[in-house]
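Enquirer: Modelling step: build the complete structure from the supplied sequences, incorporating the hints.
Residue-level listing of the chains:
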Amino acid sequence: MSRARTAAIQLLGPIALIVIVGLLGSASSGAHQIDFVNALVQTTIVIGMYIFIGNSGVISFGHISFVAIGAFVAGVLTIPSVVKPTLLPALFPLLANHSVSPFASLLIAAGAGALFALVIGAPLMRLGGLAAGIGTLAVLEITHNLLRYWEKIGPGARTLSLVPTTTTMRVATIGAVVSAVVAYGYQRTRAGRLLRATREDPAAAAGAGVRIHGQRLGAFVLSGAVAGLAGGLLVHALGSITTEQVYLDLTFVTLAMLVVGGMNSLWGAVVGALLISFLDTYLGYAENGLDLGLFRVNLPDGLSTVILGAIMLAILVLRPSGLTGGREFRIPGLRRRATPAQPDAEEEDGGAAPAAETSA
Amino acid sequence: MPGTRTGALTAAGIAAVLALGACGSAKKSDSSASTSSGAASTSATTTADKGPIVIGAAVDDTNFMRPIDQPPLAAARLEAARINAAGGVDGRRIEFKVINTQIDPERTRAAATQLLDGGASVLWVTCDVDLSTPSIQVGLAKKVLTVAPCIGTDQMGARRFGDAGKLAFSFGNVAQDEGAAMARAAIDKGWRTSNLISDRALVYTQNVCEAFSIAFARLGGRVLDRETFTTGDNTISGVVSKINKSQADVDTLCTTAGRDLPAFVTGLRGLGNRTPILGPWSIDGTYWLPKSTSAADDIHLVTFASVFADDPDPKVRSLIDEMKRAGQAPTTGGFLTGPETVDAIVQAIRDNGGSTDGTKLAASMEGFRDVRTSLGTISFSPQLHTVFGREYRVIDIMGGKGKLGGTVRADAPVTLGG
Numbered sequence: 017m018s019r020a021r022t023a024a025i026q027l028l029g030p031i032a033l034i035v036i037v038g039l040l041g042s043a044s045s046g047a048h049q050i051d052f053v054n055a056l057v058q059t060t061i062v063i064g065m066y067i068f069i070g071n072s073g074v075i076s077f078g079h080i081s082f083v084a085i086g087a088f089v090a091g092v093l094t095i096p097s098v099v100k101p102t103l104l105p106a107l108f109p110l111l112a113n114h115s116v117s118p119f120a121s122l123l124i125a126a127g128a129g130a131l132f133a134l135v136i137g138a139p140l141m142r143l144g145g146l147a148a149g150i151g152t153l154a155v156l157e158i159t160h161n162l163l164r165y166w167e168k169i170g171p172g173a174r175t176l177s178l179v180p181t182t183t184t185m186r187v188a189t190i191g192a193v194v195s196a197v198v199a200y201g202y203q204r205t206r207a208g209r210l211l212r213a214t215r216e217d218p219a220a221a222a223g224a225g226v227r228i229h230g231q232r233l234g235a236f237v238l239s240g241a242v243a244g245l246a247g248g249l250l251v252h253a254l255g256s257i258t259t260e261q262v263y264l265d266l267t268f269v270t271l272a273m274l275v276v277g278g279m280n281s282l283w284g285a286v287v288g289a290l291l292i293s294f295l296d297t298y299l300g301y302a303e304n305g306l307d308l309g310l311f312r313v314n315l316p317d318g319l320s321t322v323i324l325g326a327i328m329l330a331i332l333v334l335r336p337s338g339l340t341g342g343r344e345f346r347i348p349g350l351r352r353r354a355t356p357a358q359p360d361a362e363e364e365d366g367g368a369a370p371a372a373e374t375s376a
Numbered sequence: 022m023p024g025t026r027t028g029a030l031t032a033a034g035i036a037a038v039l040a041l042g043a044c045g046s047a048k049k050s051d052s053s054a055s056t057s058s059g060a061a062s063t064s065a066t067t068t069a070d071k072g073p074i075v076i077g078a079a080v081d082d083t084n085f086m087r088p089i090d091q092p093p094l095a096a097a098r099l100e101a102a103r104i105n106a107a108g109g110v111d112g113r114r115i116e117f118k119v120i121n122t123q124i125d126p127e128r129t130r131a132a133a134t135q136l137l138d139g140g141a142s143v144l145w146v147t148c149d150v151d152l153s154t155p156s157i158q159v160g161l162a163k164k165v166l167t168v169a170p171c172i173g174t175d176q177m178g179a180r181r182f183g184d185a186g187k188l189a190f191s192f193g194n195v196a197q198d199e200g201a202a203m204a205r206a207a208i209d210k211g212w213r214t215s216n217l218i219s220d221r222a223l224v225y226t227q228n229v230c231e232a233f234s235i236a237f238a239r240l241g242g243r244v245l246d247r248e249t250f251t252t253g254d255n256t257i258s259g260v261v262s263k264i265n266k267s268q269a270d271v272d273t274l275c276t277t278a279g280r281d282l283p284a285f286v287t288g289l290r291g292l293g294n295r296t297p298i299l300g301p302w303s304i305d306g307t308y309w310l311p312k313s314t315s316a317a318d319d320i321h322l323v324t325f326a327s328v329f330a331d332d333p334d335p336k337v338r339s340l341i342d343e344m345k346r347a348g349q350a351p352t353t354g355g356f357l358t359g360p361e362t363v364d365a366i367v368q369a370i371r372d373n374g375g376s377t378d379g380t381k382l383a384a385s386m387e388g389f390r391d392v393r394t395s396l397g398t399i400s401f402s403p404q405l406h407t408v409f410g411r412e413y414r415v416i417d418i419m420g421g422k423g424k425l426g427g428t429v430r431a432d433a434p435v436t437l438g439g
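In order, the protein sequences belong to chains Y and L.
As numbered in the working numbering, the first sequence has no gaps in its residue numbers, which increase by one up to the final residue, 376.
As numbered in the working numbering, the second sequence has no gaps in its residue numbers, which increase by one up to the final residue, 439.
Don't take each hint at face value.
[Said to hold, decoys possible] Simulated crosslink set (SDA-like; lysine to any residue; CA at most 25 Å straight-line): (1) L:Lys163 with Y:Thr182; (2) Y:Lys100 with L:Thr436; (3) Y:Lys100 with L:Gln404; (4) Y:Lys168 with L:Glu231; (5) L:Lys187 with Y:Pro101; (6) Y:Lys100 with L:Arg180; (7) L:Lys164 with Y:Ser45; (8) L:Lys381 with Y:Thr182; (9) L:Lys187 with Y:Thr182; (10) L:Lys163 with Y:Thr102; (11) L:Lys164 with Y:Lys168; (12) L:Lys187 with Y:Pro105.
[As the list claims (entries may be wrong)] A short, non-exhaustive set of chain Y residues, derived as facing chain L with CB atoms under 10 Å: (13) Ser45; (14) Gly46; (15) His48; (16) Gln49; (17) Ile50; (18) Pro96; (19) Tyr165; (20) Ala173; (21) Thr181; (22) Leu254; (23) Thr297; (24) Gly300; (25) Glu303.
Rather than coming from a laboratory, the hints here were simulated on the basis of the structure.
Just so you know, these numbers come straight off a predicted model, no measurement behind them.
Yeah, the Cβ is synthetic: ideal placement off N, Cα and C, and Gly gets one too.
Expert: Following this line, the structure appears as structure tokens:
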């Protein structure tokens, strides 16, 4: 099988799954569509995280900062200027006097995420291991507190409301598909392969002339852009947002999605994100009483979180490299015959599943 | 066979994703309870048909808003049952459909959508405007009358939600009025100087302190020291130290019954400071008090009703007894807003000949001036979609026990800047 065909199949799997979920969502009722849109937006967030974490092997606890920046930038810029004086009285004049279309706000959100990633990534990407993980966590804290207390750039501790709800099922699906294409496209480039080499063996990669800092920074900025875009999609899906929604809970659940699916492949990121998102949603519904045709599930309050945690724990214990084993999508029976001229099968597959640099 | 196992696990994962996704088309229960049986068939624009009037409540029954959200809802259901027993609203029954949002924003939004798609004519939301914004926006987008029983800010209305906000109302006491009533209560008790401690976590707590400050100054009082904190930011110990150094007649504390409230009281009393503490409705009740009775002493607050069996209104005492018999004894006076909300909705529907059209109901409500309900009177204005002008109960907590200390009214709601 040619490399191009392998690549096409590997990309087809995640895209097909995203599109199927989008179609299922379109066929569902209004209230349930919100769950599908939410799952697709979370998938976009996880894909953004995968671009950096999956390819570099460096765990980042700070990617939700980019989501937060994207969400608040897109939200503040699309609230009608006429209501800003009462809704956000302390806003900088530049933000208070200008509004843009939701589509433009998504582009600006992506740009803001990328810019922020560049600024903080320049020093942070010199770190590795636990220091990098803690550094990104510090970035999350700083971002959260800036957004929570600095009312010149947003609503502070209050809810940002009146954001146009333009993230429809179609928009959410397109957003996730575009992110998947970007992520897969990046990992197939020379830069993506060099970064993966640093993940497998940083010393050997550096010895071979790979600039680890530069490669990591490039991926960090790209993942910041995708995470910023996801933040824009998120705020336009919800119509409102608070700083608490883009903080620790979202950080840990999206990291769990990535790890459960398999953090070394795009396929793993997509499967993990959708699976955990739907599990979380429907276990929550089950606490209110969920009719499943033949039987009715009624969980005690709080049990959904326990079950979700237990499922994630079981997957991590039994399958440390995630459900997909960190491999890209493949069609059973269509195994590529490796030749000496082609990269080995493991590399094409997204590589083996080495431990991440940080497990904090 | 690692490859086979990976394939099987991946296939299982995908199957689970699709199965869970397909659950979206499965019919979910959208009601934990309702006051009567029968299918809901109303819509927001239905006029005077004979189906039930469905009030869809997207509220918390799990998280920290549970003690705030549930008592008004329980009391509202009793009021609806009473109206139904008396023949309903021109023959139509009132039904409640309730979904527990767990104050998760996505679930809150989905719950509101589910309730309105399921036929609710009025949307009932959680008692905090920030937490309920996802549901409020759904209600307003569908042009449905959207009510909160006890949001205490002026944010329910155009101020927060623009033109669409004309359909949003709250039956809590607006902070501009409540803060002014606190100031009157302080003056009545002979306190002429106050420290002011404001929690930045909520618009309500900030507004009620600001309103107190303005009204207190108008009544001849003087604020000595102002401190702010945000619940959960671990700065309360520093606030206690600063307040302890500023000896005023009273320490006015505007916060909620989170972990910082007992920390403040315990910390201050632990330093030997016996200055009276005054607060708004959000610190009503004794459930949050420190165990030490010497610490839980000389605390005063204004609220809707006394839950200590000594409310001056016999109807209120009777309702509390009824709630106790139903196993839903109220812990704060906030329960009173539930029946008033139901009564106001019914009044607006009757005013409009049975229509549940949100715009018409909202127009009626905006014109309410001292409208009698089963438990008091309520007023709204085009500027304030949250109740003002109520008679407040002053509760005195001495030695860990609460009792009615009197009643008070605001001279007038104050105007806040910004």
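Enquirer: Take the hints in turn and mark each one as holding or not.
Expert: Now for the hints, and whether the structure bears them out:
Under the criterion of a C-alpha separation no larger than 25 Å, the hint pairing Lys163 of chain L with Thr182 of chain Y is consistent with the structure, at around 16 Å. Distance restraint check for Lys100 of chain Y and Thr436 of chain L: the Cα-Cα separation of roughly 20 Å lies within the 25 Å cut-off, and the hinted pair is therefore satisfied. Between Lys100 of chain Y and Gln404 of chain L, the direct Cα distance comes to roughly 18 Å. Compliance with the 25 Å bound is thereby established for this hinted pair. Pair hint Lys168 of chain Y plus Glu231 of chain L holds up; C-alpha atoms about 21 Å apart against a cutoff of 25 Å.
Pair hint Lys187 of chain L plus Pro101 of chain Y holds up; C-alpha atoms about 18 Å apart against a cutoff of 25 Å. Between Lys100 of chain Y and Arg180 of chain L the CA atoms are separated by roughly 10 Å; this keeps the pair inside 25 Å, and the hint holds. Taking the CA atoms of Lys164 of chain L and Ser45 of chain Y, the gap is about 19 Å. The hint holds against a cut of 25 Å. Restraint check for Lys381 of chain L and Thr182 of chain Y: not satisfied, since their Cα atoms lie roughly 28 Å apart, outside the 25 Å limit.
For the hint pairing Lys187 of chain L with Thr182 of chain Y, the CA-to-CA distance comes to about 23 Å; that is within 25 Å, so the pair holds. Distance restraint check for Lys163 of chain L and Thr102 of chain Y: the Cα-Cα separation of roughly 23 Å lies within the 25 Å cut-off, and the hinted pair is therefore satisfied. For the hint linking Lys164 of chain L to Lys168 of chain Y, the alpha-carbon distance of about 32 Å lies beyond 25 Å, and the restraint is violated. The suggested pairing of Lys187 of chain L with Pro105 of chain Y holds, with an alpha-carbon distance near 20 Å, which does not exceed 25 Å.
The interface hint given for Ser45 of chain Y is met, as the beta carbon of that residue sits about 6 Å from the closest beta carbon of chain L, less than 10 Å. At its closest, the beta carbon of Gly46 of chain Y sits 5 Å from a beta carbon of chain L; the interface hint therefore holds under the 10 Å criterion. Here the hint on His48 of chain Y is kept, as its CB sits about 4 Å from the closest CB of chain L, short of 10 Å. Restraint check, Gln49 of chain Y versus chain L: the minimum CB separation of about 8 Å is within 10 Å; hint holds.
About 4 Å separates the beta-carbon of Ile50 of chain Y from the nearest beta-carbon of chain L, less than 10 Å, and the hint is met. The interface hint given for Pro96 of chain Y holds, since its Cβ lies 7 Å from the closest Cβ of chain L, which is under the 10 Å cut-off. About 8 Å separates the beta-carbon of Tyr165 of chain Y from the nearest beta-carbon of chain L, less than 10 Å, and the hint is met. Here the hint on Ala173 of chain Y is kept, as its CB sits about 6 Å from the closest CB of chain L, short of 10 Å.
Evaluation of the Thr181 of chain Y hint against chain L yields a held restraint, the C-beta minimum of about 8 Å falling below 10 Å. This hint holds: Leu254 of chain Y has a C-beta 6 Å from the nearest C-beta of chain L, less than the 10 Å allowed. Below 10 Å, beta-carbon pairs count as interface contacts, and Thr297 of chain Y has one with chain L at about 8 Å; its hint therefore holds. Satisfaction of the interface hint for Gly300 of chain Y is found here, the shortest Cβ-Cβ separation to chain L being roughly 6 Å, below the 10 Å cut-off.
At a threshold of 10 Å, the smallest CB-CB gap from Glu303 of chain Y to chain L is about 7 Å, leaving the interface hint in force.
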